[in-house]
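Following the hints, put chain L in place on chain Y, whose structure we already have.
Number of protein chains: 2
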Amino acid sequence: MSVPSNRINSLTSLTGELRALLGDRVSTAAAVRAHHGKDESYHAPHLPDAVTFPETTEEVAAIVEICARHKAPIIPFGTGTSLEGHVMALHGGVTVALTNMKKIKRVSAADMDVTVEAGVTRKQLNEHLRDTGLFFPIDPGADASLGGMTATRASGTNAVRYGTMRENVLALKVVLPDGRIVETAHRARKSAAGYDLTRLFVGSEGTLGIVTEVTLRLYGIPEAISAAVCPFESIAGAVDAVILTIQSGIPVARVELMDAESMAALNRYAKLAYPEKPTLLLEFHGTPTGVREQVDQFRTIASENGGGDLKWATSTEDRAKLWQARHDAAYACMAMRPGKKVWPTDVCVPISRLADCIAETKRDLDGSFLFAPVFGHVGDGNFHVTFVLDPDDAKEIAEVERLNERLVMRALAMDGTCTGEHGIGSGKMKFLVAEHGEGVQVMRAIKKAIDPDDIMNPGKVLRV
Amino acid sequence: MSVPSNRINSLTSLTGELRALLGDRVSTAAAVRAHHGKDESYHAPHLPDAVTFPETTEEVAAIVEICARHKAPIIPFGTGTSLEGHVMALHGGVTVALTNMKKIKRVSAADMDVTVEAGVTRKQLNEHLRDTGLFFPIDPGADASLGGMTATRASGTNAVRYGTMRENVLALKVVLPDGRIVETAHRARKSAAGYDLTRLFVGSEGTLGIVTEVTLRLYGIPEAISAAVCPFESIAGAVDAVILTIQSGIPVARVELMDAESMAALNRYAKLAYPEKPTLLLEFHGTPTGVREQVDQFRTIASENGGGDLKWATSTEDRAKLWQARHDAAYACMAMRPGKKVWPTDVCVPISRLADCIAETKRDLDGSFLFAPVFGHVGDGNFHVTFVLDPDDAKEIAEVERLNERLVMRALAMDGTCTGEHGIGSGKMKFLVAEHGEGVQVMRAIKKAIDPDDIMNPGKVLRV
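Each protein sequence line maps, in turn, to chains Y and L.
So the number in this note's numbering is just where the residue sits in the first sequence, counting from 1, plus 164.
So the number in this note's numbering is just where the residue sits in the second sequence, counting from 1, plus 164.
Certain hints may be false.
Given that identical chains are not distinguished, each listed pair holds provided it fits within a single copy or across any two copies.
[What the hints assert, rightly or not] Here are the simulated lysine to aspartate or glutamate pairs, DMTMM-like style, with alpha carbons at most 20 Å apart: (1) K612 x D342; (2) K612 x E602; (3) K235 x E181; (4) K269 x D579; (5) K594 x E347.
By construction, these hints were calculated from the structure, which means they are not laboratory data.
These figures come from a predicted structure and were not determined experimentally.
Chain Y on its own, in the form it takes in the complex (with noise of 0.2 Å):
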């Protein structure tokens, strides 16, 4: 993709504005501009001009209109740890890092609900949580800002059960591109009055505002809570056993393929020692009553399925190591390939159509020179091939470009979608259209209304 070369008139004129307004709180430091320039992603970095950290939804919102007055780019940031290079500032331009943006500002026990801004992790709110019994379910495995899990509608692992970003934000606290501040809506679990503002900034990736509060679900949490791991003799039986899990109504809270691949990676990065077959991770969330029931009904299906034996993680400790474990998927794929990087691919496909899909992708894969393991939240039919690559080495690259397409094209063709939780960013933007048609007009129309002169992160999701 060409990069047209920066639109700031005046690069002077504009982080001196910045500095009268936030003194040290702007970074032009190359180290500074580099951590903000990249997320984890293969993708080249892009280097911002410059890096601010505002404190309050009125500082964004001055820094808004500042940029928005030089018709300078406004990237925000969160933690960087999106993948589909969200947060590179491809036409330079300055950054809002959401990073002191931290304070947990509101919580109810009583609604269930809290309000957060925008920097505060996930982790952060369940730490902050801990005593009140409630929790928040959405875990995409990084511990990633909340603002940055809205802005990409996040989901993970506990999707299955919970729902993705989409249906667990509540309200938003937004700065427009002409630093207006909105709120897109009051704390009612439902309501019909207009447009729906909120699922509009869930998964603009930064396109039509920063999003500076997040008022959240939360959930109590479950009385009886037991996670598992399930070998499988094939891969086509473990994702049986999944579609029959989830089309007999049983209320998983998490299940997690693993291929072969992923074991084995997973067993050497963590010192595990699980049979390195294709594998189920499990959880079960209910009273301890329904936790059997659910656990009785998986073990059938398992079982009929070629499934293995169930291993225990019980206790809150060895739960919270599965997870992590889980969660270290990645890097351990890339620990097999010591300096390279990942690229992770994330189709989302309806459930009848996952086995078939994976399969097909299994064929490919076994047909190239790549080291590429399988894993995902395949309960909601969402899988991901990580590919571990040089991305210096133009062979490598175009054969997971190659493979990728062909990924992508598969899922559409199924009926599914090109990314199920990662988000267009600026890797997916040519997918975007091959998904939606006549739709991404849709979405043009709608940013170029809220943001005419394309300041807010601008090269991502949509060419305008």
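Only chain L this time, still in chain Y's reference frame:
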């Protein structure tokens, strides 16, 4: 509100073109226009100039194209059961009745989803699903069309467990105001691919386009279902029992409050003999053991809050009778003043404020001369005051307006919404502004971007 005169230049040429397209599926007969110019509310009818009955999405697109060329208002019409004047032709124009679009296009038992044409009603759908073991839970009472339910972001009795149309629409086919046809999403359960067009059209009340096809989530019919009626000594006790039920995480499928006045109306209308006390109507879904657990937990909560014995309805027939009675509540209220209309209010507040909101509202009503029972979907914090009034009596209208405004402002002050499920229509436009403030400007920008000539259901939701 002043209604500008009809904006159509040449009605003869417009109807001529429509007739060329649709033959006798265009009507300008007074009776047909009258039927389509009103909904179930107290709002005065406004007749369209013509009513069209398309049979395919392509025909809808062709109608819209003709109307767009004539700058004629277009009003989508499902079953006319809306409650805030959504279908009134305030500026004349062409009603697009989806009445003939009643095909169920596909059902996937494996994916638990279905695609229907917009004119399919919820009862028709559930009848069709009868042998699949699946059902569609959203139930606003009326046998509304699924297109209409999408347009108003409907919810109803089951929303406390299964969510509203917001959570249960997977994808839409929409005809835009210029005749283009857009599909908002594929069938994957989750997606992070671009702006959430599905959620943008859900609740847009026909002001951004016409929904012609809806893809919906389905659910397995629970193994065990029990419904119960539980009278309470006081309305405060009943509300507190609901709040505790929700806060305890009991996954109740329905929990409806009826005040003593509505129970009396119901007894008289449906020849029932329930105690004429504040009452909860409940339904529990789950495995047989799970339902027993839920019932035991609820019974404890009820007895600690002045609840009496639970009267059970377990057979399908008894449950159907119970919920039909609940759905008839508005008609039962109307029957208390034969020949009058209803004005049902519709606020929704965080559950922690529900008891206060209902208590303050009851105090207001006690001081009024109007008959105004209170009932609603209190598990969501959503309730209705059903004013029974003579719409030709200015004094009664003024009194409802006064009480409704006080109720809405009370709900907004409690961080609630002016409408939990009925929508804005033409009746609540001023409250949309009170609720969303600056957010209405964002909605307006979207409306202008998608419908620049304001031909889609003009005079609803937003003033352009």
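At most 20 Å between alpha carbons: which applies to K235 and E181, within, between, both or neither? within (14 Å within a copy, 48 Å between copies)
Under a CA distance limit of 20 Å, which applies to K269 and D579: within one copy, between copies, both, or neither? Answer is between: at 15 Å across copies they meet the 20 Å cutoff, but 41 Å inside does not.
How do K612 and E602 come out at 20 Å by Cα distance, when the copy is not named: within, between, both, or neither? Cα proximity of K612 and E602: in one copy and across copies (16 Å, 18 Å).
Evaluate K612 and D342 at a C-alpha cut-off of 20 Å and name the case that applies: within, between, both or neither. both (13 Å within a copy, 18 Å between copies)
Could you place K594 and E347 in one of the four classes (within, between, both, neither) given a Cα distance threshold of 20 Å? This pair counts as between: shortest inter-copy Cα distance 17 Å, intra-copy 32 Å.
Consistency with the previously given hints is maintained throughout, with no hint failing.
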